[in-house]
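J.: Chain by chain, the residues run as shown.
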Amino acid sequence: MKTIKEIQNDIVDEFSMFDDWMQRYEYMIELGKTLPLIEDQYKTDDNIIKGCQSKVWLHAELIDDKVVFTADSDAIITKGIIAILIRVFSDQNPKDILEADTAFIDEIGLKEHLSPTRANGLVSMIKQLKLYALAFQTQISE
Amino acid sequence: MEPVPIHMKFDIEKIRADFPILNRKINGAPLVYLDNAATSQTPQQVIDTIVEYYSEYNANIHRGVHSLSQEATERYEGARKIIQNHINALSDHEIIFTSGTTHGINIVANGFSSILKAEDEIIISALEHHSNIVPWQMMCEQTGSRLRVLPMNDSGVLNLDEYRDMLNPKTRLVLVDHVSNALGTINPIKEIIELAHQTGAAVLVDGAQACPHLVPDMQDLDVDFYVLSGHKVCGPTGIGVLYGKEKWLNSLPPYQGGGEMISEVTFEKTTYADLPHKFEAGTPNVCGAIALGRAIDYMNDIGFDNIFQYEEQLLSYASSKLNSIEGMRIYGPPSNKAAVISFNIDGIHPYDIGTILDKLGIAVRTGHHCAQPIMDYYNIPGTVRASFAFYNTQEEVDRFVNAVIRAKSMLS
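Protein chains in written order, with numbering that gives the first Met the number 0: chain A, 0 to 141; chain B, 0 to 411.
Just so you know, the hints here were simulated from the structure itself, not pulled from any lab data.
Heads up, the beta-carbon is just placed ideally off N, CA and C, and yes, glycines get one too.
Among the hints, erroneous ones may be present.
Stated by the list, open to error - PhoX-like cross-link-like pairs, simulated, lysine-lysine; straight-line CA separation at most 25 angstroms:
(1) Lys54/A x Lys407/B
(2) Lys110/A x Lys24/B
(3) Lys407/B x Lys110/A
Claimed, not checked - Footprint (simulated), chain B over chain A, 3 or more residues, beta carbon under 8 angstroms:
(4) 69-77
(5) 122-129
Make a model of the complete structure from these sequences and hints.
T.: Right under this line is the structure:
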């Protein structure tokens, strides 16, 4: 099982293989297709991440003390973005998720290549992933 | 499709040379600017006017005895005259300089909040931008008046039969945009105004999206209020115009208190200045007004008829090319519309298309365009909107359409 840092490094390596941002977007769209999809029953308004211009649904479960995320979006590039985040954070301990930094996003240059509204959405997504981790962490320590 | 030659009565290359920003590259590609409905670009002549103002005669107006102040006052009042002549207002004191369309609407809405009663009705068109919705909702909260929505059909055309039925003696105001920002629909405002006047209602027309394309004639339209923004007609941001008939402007209370708008002030009582100063509290955007006047002159030199004809050809060329893309849906009327194309492609989110277009150097708008009720009507999260100006070219349309095709193949 890879650590969060190891997965982040993998992603940085993958993105460095491309020459331009059109190719990176194509890759993100491909990654979006690998996103572990949220079950329809969880695709509710309550599970929509606030602050995103397109709709993003996020669900989390604690399985064997690890947080497992599923998600979906109505926009395909957004789906790629959340897929990257889920690849990093899913199937990890709540504690590790909470302690993880997200410098890899700057390293792959994702934020600067998103429109400001989309970059805000990215921040909201990370916040929501960490909030789930915090909730499960509290649950475990009780 | 074979390109149909587009005819123009002006030298497009010469005009493009007036706009320094059009030389910019975005993500390595030459900029194709198709977000003109949000903000138009600024020609060098207007930029020079701004520089000249701050380099040569920057001063506060209307109260200085010194030469600079007089010069600035003359130029500021000269700009008012330019606007008056341009929109054929009866008098120059019916022209109020504002910070933009939103400000103008708020002045009128605030004024009516002290006039309207709970039993009064206001008709608002379904095609309005948020800036012509929210101030009236706020006003209705104060007065208790009823806001009634004049519906549109699937093509984004207002239903005038229904409008006739809705009008009644309790109707005090009708609010409508001259051109819809989200769909480009040109509304039959002359007829709307005539019908409103028959029942004694006043009409406010939001002209923000019309003025880049055509010239509204205040006296011919017999409109009560008309608002527009400078930054959509090649002028700077932060300047706009509220036109109001003299009798209305006299009967509305001032919006903001301060300097410039008073006649006499004691701590017991203040009497207000005459029009237009009553609505121009504080030091106005002197430079902005003068630059707006220059922008209107610039566009008139090209000629609005020429501009409209040229943009119409760009619109029809772009529409037919886009329509050949499978899954394309263009919103808005097939004819009688300004040079705006609002569209979606089946199964693709407008934000995704906008993001890819930006990477290819093409600036369009995506989203609800501050007209959420229209998006709700079509049950969509938003559209991609390409809006054209007289400095756009046929070649740019080709680049735009090719980029849409490329985005579609990436995203589907």
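J.: Hints first: check each against the structure and report whether it holds.
T.: Each hint tested on the structure:
1. Lys54/A x Lys407/B: 20 angstroms, holds
2. Lys110/A x Lys24/B: 20 angstroms, holds
3. Lys407/B x Lys110/A: With Cα atoms ~23 angstroms apart, Lys407/B and Lys110/A stay inside 25 angstroms; holds.
4. 69-77: holds (count 5)
5. 122-129: violated (count 0)
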